[in-house]
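Enquirer: Residues per chain, in single letters:
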Amino acid sequence: NAGVTQTPKFQVLKTGQSMTLQCAQDMNHEYMSWYRQDPGMGLRLIHYSVGAGITDQGEVPNGYNVSRSTTEDFPLRLLSAAPSQTSVYFCASSYSIQIVKGYTFGSGTRLTVV
Amino acid sequence: GENVEQHPSTLSVQEGDSAVIKCTYSDSASNYFPWYKQELGKGPQLIIDIRSNVGEKKDQRIAVTLNKTAKHFSLHITETQPEDSAVYFCAASITGNQFYFGTGTSLTVIP
Chain D
1 NAGVTQTPKF QVLKTGQSMT LQCAQDMNHE YMSWYRQDPG MGLRLIHYSV GAGITDQGEV
61 PNGYNVSRST TEDFPLRLLS AAPSQTSVYF CASSYSIQIV KGYTFGSGTR LTVV
Chain W
115 GENVEQHPST LSVQEGDSAV IKCTYSDSAS NYFPWYKQEL GKGPQLIIDI RSNVGEKKDQ
175 RIAVTLNKTA KHFSLHITET QPEDSAVYFC AASITGNQFY FGTGTSLTVI P
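Listed in order, the protein sequences are those of chains D and W. For the record, in the first sequence the residue sitting at position 1 is 1 according to the numbering used here, with numbers rising by one throughout. For the record, in the second sequence the residue sitting at position 102 is 216 according to the numbering used here, with numbers rising by one throughout.
In silico DMTMM-like pairs for lysine to aspartate or glutamate, Cα to Cα no more than 20 Å straight-line:
id : chain 1 : residue 1 : chain 2 : residue 2
1  : D       : 101       : W       : 173
2  : D       : 101       : W       : 170
3  : W       : 156       : D       : 26
4  : D       : 101       : W       : 141
5  : W       : 156       : D       : 38
6  : W       : 151       : W       : 119
7  : D       : 101       : W       : 163
8  : W       : 171       : W       : 193
9  : D       : 101       : W       : 116
10 : W       : 136       : W       : 116
11 : W       : 151       : D       : 38
I should point out that these hints are in silico values taken from the structure, not numbers from a laboratory.
Just need the whole structure built from these sequences, with the hints factored in.
Expert: Below is the structure:
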């Protein structure tokens, strides 16, 4: 039982490049989400999914796309990277939003856009 | 939307002393309040949580209190140890599909 696995751990992109941050969980959690963590701003929700085939926007969705084709995987796509997207990205999951409980977080991806 | 404020941003205590971190929230509909501990280079880890129908919850050296009227909740760590040094985040949620996080408190326990 690995929990929530994020890859890569570190990434440097040039402005305008695209990439996909991977997130996988093996706990059969219905709910998955992506947060970004910036100094002095806490964690802010980018996108979330309450099940396979269902996604929705969070607080800061612009510049990011997601899809959820399986229960296990929830990749985050940066379409055209900008320096403002330099951040630490966390994937988080929870069993179900019907029973509200705290998240299980991955270990994060540190992204630098130059 | 919900706004969660967290204080202090940094906190230093001597080993064995207590540490208290406070959070306030704006939306009275929030009903679930988790606390997370984040060690350097790792993701946040849930350490304790409280629901709006409970005023206090304890787990060994950690306790959380909730005052719904004043819309604030606090994390209390007693008998602090060096391994308690980390960044602590509070959060609030209404529906479970979105959590609103505080800006974090960096706790340093001095041996």
